[in-house]
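Peer 1: Protein chains in written order, with our numbering: chain F, 171 to 462; chain P, 171 to 462; chain G, 171 to 462; chain C, 171 to 462; chain W, 171 to 462; chain D, 171 to 462.
If you're looking for bench data, these hints aren't it; they were derived computationally from the structure.
For clarity, every value in this text was computed on a predicted model and none was experimentally measured.
Where a beta carbon is used, it is the ideal one built from N, C-alpha and C, also for glycine.
Incorrect hints may appear among the rest.
[Said to hold, decoys possible] Taking lysine-lysine and the BS3-like style, the derived pairs with C-alpha atoms no more than 27 Å apart in a straight line are:
{"#": "1", "chain 1": "C", "residue 1": "K238", "chain 2": "D", "residue 2": "K172"}
{"#": "2", "chain 1": "P", "residue 1": "K293", "chain 2": "G", "residue 2": "K172"}
{"#": "3", "chain 1": "F", "residue 1": "K459", "chain 2": "W", "residue 2": "K345"}
{"#": "4", "chain 1": "F", "residue 1": "K235", "chain 2": "F", "residue 2": "K172"}
{"#": "5", "chain 1": "P", "residue 1": "K359", "chain 2": "P", "residue 2": "K334"}
[Unchecked claim] Not the full set, but computed from the structure, chain G residues with beta-carbon under 10 Å of chain C:
{"#": "6", "residue": "V252"}
{"#": "7", "residue": "D254"}
{"#": "8", "residue": "V366"}
There are 6 protein chains.
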Amino acid sequence: MKFEKVDLSFQSCNSNYDESDVVIFSVPMDATTSFRPGTRFAGNAIRVDSFGVEWYSPYRDRDLKDYKTVDIGDLDLPIGAVEDALDIVYETTKEILNDNKVPMMVGGEHLVSYPTIKATFEKYPDLHIIHLDAHTDLREHFFGRDLSHATFMRHVHKFVGDGKIYQFGIRSGEKPEFEWAKKHIHQRKFDFEGLVEAVEKLKDKPVYITIDLDVLDPAVFPGTGTPEPGGMQYKDLLWAIDQFEKLNNIVAADFVELAPMLDPSGASTAVAAKTLREMVLLLHKNIEKKQK
Amino acid sequence: MKFEKVDLSFQSCNSNYDESDVVIFSVPMDATTSFRPGTRFAGNAIRVDSFGVEWYSPYRDRDLKDYKTVDIGDLDLPIGAVEDALDIVYETTKEILNDNKVPMMVGGEHLVSYPTIKATFEKYPDLHIIHLDAHTDLREHFFGRDLSHATFMRHVHKFVGDGKIYQFGIRSGEKPEFEWAKKHIHQRKFDFEGLVEAVEKLKDKPVYITIDLDVLDPAVFPGTGTPEPGGMQYKDLLWAIDQFEKLNNIVAADFVELAPMLDPSGASTAVAAKTLREMVLLLHKNIEKKQK
Amino acid sequence: MKFEKVDLSFQSCNSNYDESDVVIFSVPMDATTSFRPGTRFAGNAIRVDSFGVEWYSPYRDRDLKDYKTVDIGDLDLPIGAVEDALDIVYETTKEILNDNKVPMMVGGEHLVSYPTIKATFEKYPDLHIIHLDAHTDLREHFFGRDLSHATFMRHVHKFVGDGKIYQFGIRSGEKPEFEWAKKHIHQRKFDFEGLVEAVEKLKDKPVYITIDLDVLDPAVFPGTGTPEPGGMQYKDLLWAIDQFEKLNNIVAADFVELAPMLDPSGASTAVAAKTLREMVLLLHKNIEKKQK
Amino acid sequence: MKFEKVDLSFQSCNSNYDESDVVIFSVPMDATTSFRPGTRFAGNAIRVDSFGVEWYSPYRDRDLKDYKTVDIGDLDLPIGAVEDALDIVYETTKEILNDNKVPMMVGGEHLVSYPTIKATFEKYPDLHIIHLDAHTDLREHFFGRDLSHATFMRHVHKFVGDGKIYQFGIRSGEKPEFEWAKKHIHQRKFDFEGLVEAVEKLKDKPVYITIDLDVLDPAVFPGTGTPEPGGMQYKDLLWAIDQFEKLNNIVAADFVELAPMLDPSGASTAVAAKTLREMVLLLHKNIEKKQK
Amino acid sequence: MKFEKVDLSFQSCNSNYDESDVVIFSVPMDATTSFRPGTRFAGNAIRVDSFGVEWYSPYRDRDLKDYKTVDIGDLDLPIGAVEDALDIVYETTKEILNDNKVPMMVGGEHLVSYPTIKATFEKYPDLHIIHLDAHTDLREHFFGRDLSHATFMRHVHKFVGDGKIYQFGIRSGEKPEFEWAKKHIHQRKFDFEGLVEAVEKLKDKPVYITIDLDVLDPAVFPGTGTPEPGGMQYKDLLWAIDQFEKLNNIVAADFVELAPMLDPSGASTAVAAKTLREMVLLLHKNIEKKQK
Amino acid sequence: MKFEKVDLSFQSCNSNYDESDVVIFSVPMDATTSFRPGTRFAGNAIRVDSFGVEWYSPYRDRDLKDYKTVDIGDLDLPIGAVEDALDIVYETTKEILNDNKVPMMVGGEHLVSYPTIKATFEKYPDLHIIHLDAHTDLREHFFGRDLSHATFMRHVHKFVGDGKIYQFGIRSGEKPEFEWAKKHIHQRKFDFEGLVEAVEKLKDKPVYITIDLDVLDPAVFPGTGTPEPGGMQYKDLLWAIDQFEKLNNIVAADFVELAPMLDPSGASTAVAAKTLREMVLLLHKNIEKKQK
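The shape of chain F in the complex, shown without the other chains (with noise of 0.2 Å):
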């Protein structure tokens, strides 16, 4: 055989399934987003792109190349059936859990966390998670549903219970969702403050971290449903990401919210796709770790 099928693998993380540590894959549902859609388009967008982003880190000092990393793409999904698509994303996660393997999902809108979430819960009990976002994602309904992008971390709480979730840089959400926060969550708004003294209680818990990429300011991330200004700058990000380097059992992640045809320079897709370089290095450094 003199050539090989076209490979549009995230960056250089394109060994098989079964030898890897780390499983890329993306979530193409965009559909109780409310403002403007388009987040549906955000992983192959990170893929056709990704040649523009190194396999070194000087962040981490770490290379992609010296890991094993599967990128399985875009799940298959029915489309204008939220339920069903939900059950796969679910149906996905826990298989890539129970091979022992750690899942790094790549949004879609920030509903597709939900099912990941859970599946990581019914395998962690424990789980605890960190949130970076513009948004609460608390309300109790949304446009007459109860499960969407802005209800998700509420149900969420369902299941995990009171003091296992902690946000950071939140700065958009109606009042009742703040009240409720200050009882059952810890909710920092509008910057990073207190993600030190978090990392160090979560140290050795196992952690989900979620990262919508509109905490970031839309002068950083333009390409998103909501823009929401006075965010974070990007080195923020990667010092959020230095810090979760302290953390022994991160045990699954994702990050959601591109929308890459709202932004036509590409910045806001090398955003995401720098952020996924540096996810997938943490998230091997930890499985090290655990290793040991």
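Since the structure of chain F is already known, use the hints to place chains P, G, C, W and D on it.
Peer 2: Quick look at chains P, G, C, W and D alone, frame taken from chain F:
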């Protein structure tokens, strides 16, 4: 009261509901869109840009100012809950028809024509449908759903029955759809040939006109989710509307699938806005005919 | 009457004029713009996109829903007739002030602040002005005109007199403008240093706040005609509005220079929409203070 | 002197003024534009992109390199002062004509044809006008102004008189404009039918050609302020220019209404640049005819 | 192995190399592009957007799913080293032909057709070429290079000889190119007239089809580096492919010059994707004919 | 001669070559760009948009009008012939230096700094280089080429030798590049720390300043081929230029990597234009110092 609240009705269509013969409403839904979403923004984009459209049509030689039309805006829909949203569209159409007014609906994705046609059929059981489109929309299932933008006309067939649907301009679909069409509906591939004859046959029947603007060539109308090269020119569409003038009983109409963000030049929105003017003037003339 | 006409008021600001304390109006004028025009579209772009803005501000801990605000839309202006257009802005502001309401004007180019300030000054002869901007706007003449976006603050000085204007964030202008400023107004170059002291001094004075959004860095706000690199972050602007809370007598306010088409990502429009929410909430609190 | 200053003349049209027969100038004015502005940038956009245009036309079988043409660039205009700006255009045209050269003007909005035609009429009192456009431009008043892009041809009529104006391609206007046209000018709606006959009649008359590029369909030319669907193809415009070859006395010409920013693909600018090449070659051939 | 690596083959063309009759490959090179670059991104843009293209063609009444096609992706090319890159294209084509498969190449700039044609000629010394293009590509030299997108067909002539090249749709070039063409090749200016006759003549010859998509009008295909107004409609191209069905020995084919970033609406990429479906189906039918 | 040919020199830099101290030239080359091309258009985009830039800098308190600067435009380069193009850049720089003028080069891709630095080194053998960049540009080979945008500084090192290159802001590269850097050059990762000390050390040395504008964060400067998140703010760059004022012998300078089409808002071009003003004013002050 010195100042009025802002009024962004389409062009000069700012009569009140009770005094109006034609009712414009828009449906901000793109939940089953398989490719690029964004049609949910069509209604307000057309409203804001209608400032650039004359109220007089040299094609119809009639003036929007001479008729009573109300624009009731975007319907208020739950997000991500397809069935609930369709119900609201259905109920709205039903009430407008009950008030003996003619609905002029603006999509959204093409699935939103389903409840509008259904409500219209219930009032007019001999309903015939003229359907301009690039796509057959005749699948049995699509990405795991029965009811979607790609299947909805098949479902319309279930209640209107054989021989009631007249499709023109079709240039994309699966092979079984084309074969099914031969047996159950009138279908013209690639262009509008046969429209004169169809209009002659349907002259005195109750007729619903549904226009998927992607029947136009993407050159003319790039601002749509699934551009399908090889389509019609705008002059062809104007010619088709000229033919519709010969119908005596148009009972409702719609056009769908403008995704305004996909064409930053604004030309696609201008196409939709001008089409809305022509359609509203067509409907008013038709009402006058019936009143005689 | 079963259905209401479409209402595209900014966010939830849909009270009637008579019952409202704050009156939003927008001025679709960019006639003296020297570089890239388009600010005439700002008002309606903000209205349509305000759907993506919460009514609650976690910064002010107040809710738009708890106040009465009317949005009277774009003023109806002659095109290309600068003086006539300015007269209409002047008369509108005057009427709103006469009705004991607080005007919140949205530009348009910065020249439209001239008639608004003039009308406000005529009611409050001790008027002081806080002016956030990248540009001095202090020229004597500009491209052969006395009154333009580049000269208007010099003309405001003619009636308010020395020491009444406080500029912050200025980073562009001609040398004579900077020299003139030293003698006649308070001017802070490049940033907001000294704002705390200025607010302290103006605490009980009648104050007009005018914000040229290009005081922000083009990273944060690229959708403007003359992007001037080296500006403020959005958090700085939020901090400035925090300071304004300490003023006791804000009598009118505006912000200007959003050109929405220049930023197809929508992030600049989001900046303006959020600023409008913050400003309206600021004005209502100020009215409450005065009513006590 | 080792190096020359940068020269960004249109294509190869870089002769000096004195030696040139045809004088290109551009008018960066969009002051009375009612909808989307930006035509002020047309001239320089065409210059910079003319690099992508050949100097040889296979349509005319002539070469820009074989003729002497000067490009004097954008006129230097006051901003927001419509009358003063028009005066400068008038004076410029007058001087060029006095020097026995043929002006080739590039707009800007269509109003800038008014002073150019006026100056040309004063030299050629029997002036006839061929006018390709989507819009009538025949209103009496427009948004409170006598003289604007929407009224200018009505004002031209005031000095050239009845029967001198030949319009083609018109598809937008108010009803009274179309009625007025029947009595005072030659008007062809929707297409170029009758152009052959018009050219035959005007063969030996002094003729001014003014082309509003929005006569083209927005598919072909989306980069314009008021896209009007249902227009001409580019091949139709090339055919029209072929007809103009039969005229014996073209005394001046212009085209207007390119707004380059509205079409980031650059295709609209390419249309304008190619049209400029064709028009300049047309004018040179015409001069040759007259010199014989 | 529970999950497969991501597969972004064009549409459903995901057979393995050995079992396939047609081999798609793309050439990410735009090194000699004189005007706006970006064609290097064409291959992957088509792959990602091919999701929006049906596998069934109503034009050919054939289905991609019924044939074996492999997509080997972008070739891996050195950057800025024109000759080395061309060598890789040459070797790839040669190997595919040696394996008795039909290459379907996707550019990149048009120069990449040179090595593909050369390798094909070496296998089929009586090779004839059908060339659809806006530009002659027949210069001797171009910006100091012998071999570039503007000269390559002149160089192809050097080995195929007189009378073997059939050009259609040509509307731009230098005068000497058009004159040279009269003596050495078949050239049709402006449209496709004569294609039926050409196909009849070449019926049993080995034929290479090369389509520069800029033969289409920029209205239809704005996403290209050098838009040349006055071109063909998409229906014309479909008609041309219909004619190609009558050829009995198509030995290789390509299309080139999509620059996807230049058309953010995605319509140009849709044109290319649909063309690729039609071409692959054309080639498979041709193979079937030969196998009989 | 009544009218002058069009002059599109940068801002007011329109002196003749002989009388000028500083010579601006631009290099329209992006031949070895690995990711998104388009920097070839930077020079003319800056020229056309420099209309929006003041000639006075409040940062330097100096005025372009008070100095003699010539802008000789884009160099005329062969396309796709890297070595020949570099030779022309080299010869141009050499002649400017021989005429005792200071070259201010505008890229183009970063490789074009190689011949400029080489020519400068030949006149000033003790040349030191201050290099602001996101990328190391220190590879040995890149995609099969010795000399490319990704390797050029390694090749500069070959003639300037160890310890002469000072890099700041670097945040992307391969691991071996960072290791090589430790031994041979001064390299500061991520920010500009140490710049004060470097300037102090280089105070009386001949210094070449090369700024890859992608050292800025993509928020500030999205219009570049390889956006690298986590960069500097524009105020940081202004601060760096303040430091450069303390150098006594700047012998040449450049900035590179603006790709204007990638940022349709124009903000990136504004960043480049303002930087050019600041750099030209910096160079003139430096010349004055040397003349004393």
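Peer 1: Going straight from one Cα to the other, do F/K235 and F/K172 come out at no more than 27 Å?
Peer 2: holds, 24 Å
Peer 1: Taking the least C-beta to C-beta distance, is G/D254 closer than 10 Å to chain C?
Peer 2: holds, 6 Å
Peer 1: Are the Cα atoms of C/K238 and D/K172 separated by 27 Å or less?
Peer 2: Measuring from Cα to Cα gives roughly 16 Å; hence the hint holds.
Peer 1: Is P/K359 within 27 Å of P/K334, Cα to Cα?
Peer 2: OK: P/K359 and P/K334 at ~17 Å, within 27 Å.
Peer 1: Would the hint linking F/K459 and W/K345 be met if the CA-CA limit is 27 Å?
Peer 2: With Cα atoms ~71 Å apart, F/K459 and W/K345 exceed 27 Å; violated.
Peer 1: Minimum Cβ distance from G/V252 to chain C below 10 Å?
Peer 2: holds, 5 Å
Peer 1: Between P/K293 and G/K172, is the straight-line Cα distance small enough, at 27 Å or below?
Peer 2: holds, 19 Å
Peer 1: Can we keep the G/V366 interface hint, with Cβ of chain C closer than 10 Å?
Peer 2: violated, 37 Å
Consistency note: the structure conflicts with the earlier hints numbered 3, 8.
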